[in-house]
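Since the structure of chain V is provided, determine the placement of chain G on it from the hints.
Spelled out from the first residue to the last, the chains are:
2 protein chains.
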Amino acid sequence: MNNYCFGVDLGGTAIKFGIFSEDGECQEKWDIKTRKEDKGRYILQDIANEINKKKQQWKLYDTQVLGIGIGVPGPVSGDGCVFSCVNLGWGKTNVVEGLSKLTGECKIAVGNDANVAALGEMYQGGGVGHQSIIMITLGTGVGGGVVIDGKILAGSVGAAGELGHLHVNDDEEAVCTCGGKGCLEQYASATGIVRVAKSLMQKSKQETMLSKFDKLTAKDIFDCMKKGDDLANQAVDIMCEYLGKALGVAATVVDPEAFVIGGGVSKAGEVLTEKIQKSYEKRVLPVLKKKEFVLAKLGNDAGIYGAANMILSKK
Amino acid sequence: MNNYCFGVDLGGTAIKFGIFSEDGECQEKWDIKTRKEDKGRYILQDIANEINKKKQQWKLYDTQVLGIGIGVPGPVSGDGCVFSCVNLGWGKTNVVEGLSKLTGECKIAVGNDANVAALGEMYQGGGVGHQSIIMITLGTGVGGGVVIDGKILAGSVGAAGELGHLHVNDDEEAVCTCGGKGCLEQYASATGIVRVAKSLMQKSKQETMLSKFDKLTAKDIFDCMKKGDDLANQAVDIMCEYLGKALGVAATVVDPEAFVIGGGVSKAGEVLTEKIQKSYEKRVLPVLKKKEFVLAKLGNDAGIYGAANMILSKK
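Going down the list, the sequences are from chains V and G. Letter 95 of the first sequence, counting from 1, is numbered 95 in our numbering, and no numbers are missing. Letter 250 of the second sequence, counting from 1, is numbered 565 in our numbering, and no numbers are missing.
One or more hints might be untrue.
As the list claims (entries may be wrong) - Here's a subset of chain G near chain V, in silico, CB distances under 8 Å, partners left out:
id	residue
1	Ile463
2	His482
3	Val564
4	Pro601
5	Lys604
Derived from the structure by calculation, the hints contain no laboratory data. Quick reminder that beta carbons are idealized off the backbone N, C-alpha and C, glycines included.
The shape of chain V in the complex, shown without the other chains (with noise of 0.2 Å):
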């Protein structure tokens, strides 16, 4: 009798779901709407209710189920202590236990959603075949997860890995969304490529593509840097240059052997990895200069692979 396990991608729209064979191929994947009603109270039974009907209609014996694996929206301790999801109204929450009593004693392991992704991307996206990686996700924030010998680097208080707020510019006026200034998610998430742009245009007297746009996106930003621009070239430049050195103090830190970047803002493909490569190889010890730059693989799928792969590869 074959053995299978669920993943689960807990968001603040959807929940997503993926049931995963004992050697991770992905079998089904489905998604259900989340209810934030009343502070989130009925999100655990939801979830279990998708378990559970899946169980029945695959016919499973309880022994079969290996495990649920589950990514949040907030901070979680390396034991699976979730600290808060504020996007759910969430406070301290055992999801350990909750989930285990709706699903017939079932293990559980829960892990923050980025560093779940992140956990994904190495098993069975664009960081296969190494065991510690950062993962940078660029997308309306900037996100990131930290995998040491093939765990999870969670934190004392669930925030390792949270690059999006690394501080890499001393001299940023402008406030970021956490309440400091400088943090690397004010130049390379989708805003805030758009913002250096805008603020390049309003400063230089150059003429570009980017001044015919409405409503300037960061696709837009990269589609004309492709074409020539060469104020789109600097604003991916200025971009490029803090993610590298963000990355280049993480690797002094922690040293992985990878580096995987994902999100929307990843599609504009490896003249993305190149440049950051390049501003990376600036900053860094000589021992450090070797890393592989890759883009991620797994899409929005990340996160279910990645709940899976902590019971799978807990085995």
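The following block gives chain G in isolation, referenced to the frame of chain V:
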């Protein structure tokens, strides 16, 4: 019958030894000169001789020796592979195999000396009570060590925790010993702060007690600061700003419970930890602000204590 272990701190000038009881108490310590002749080929034999002699003196059976921990001055992988020790003339060296043969098939654990010292400070020095710390050592150079969940974070090429070469200043023009520019060591080592003070003296016309010294040292600068010298105070502020910045980015990556500040320069005392903490708190996420900043306690013995703890904490 009581059990014991040995802690060895292999340096470029001397090899320090300690024999420890099972509960981590140092029973006796001693040292010998490091024989670096012929590419350091006699070193492991010298270490084994000392340990075997001590076993005889103490009339210990092989079964009473829990193991030998050893810190070496070079990069070491997580599984104990020593990549090189330039100061000793060593290339890639299998210390575990070599030393095990010479000491009666004893359990051997090897780590980088700065990382091993961090482990010692965590288990029995300034970091007691914690399970994850970042230690920074302010001496002739600046070293560092990261301990996560009670274990040394070695890094994929043994270069984790190289905090002296964390890039903190893009505007630096002077070159660091590593070939880079703007490394923490250029401001926060004993020579670094002297360089900072001299540069301030050149630029300003301000009167300062520092101009009285023929050969200015880090200690002179801290002494004059304590006597109210404004320029000395500025130099210490610059040093601590960079230290806080570096520890801030390190915390954003690994989120430790505490920071331990050691090395000769740390004798300046709590004025140092206070200034570092102030700079640190300006640059990190709210969730990371509340960290403990403590002074190291074991001084030059941190290495043998940490080496012993590599054996004792793994039991």
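In rising order, the numbers of the hints this structure does not comply with = Number 5 only.
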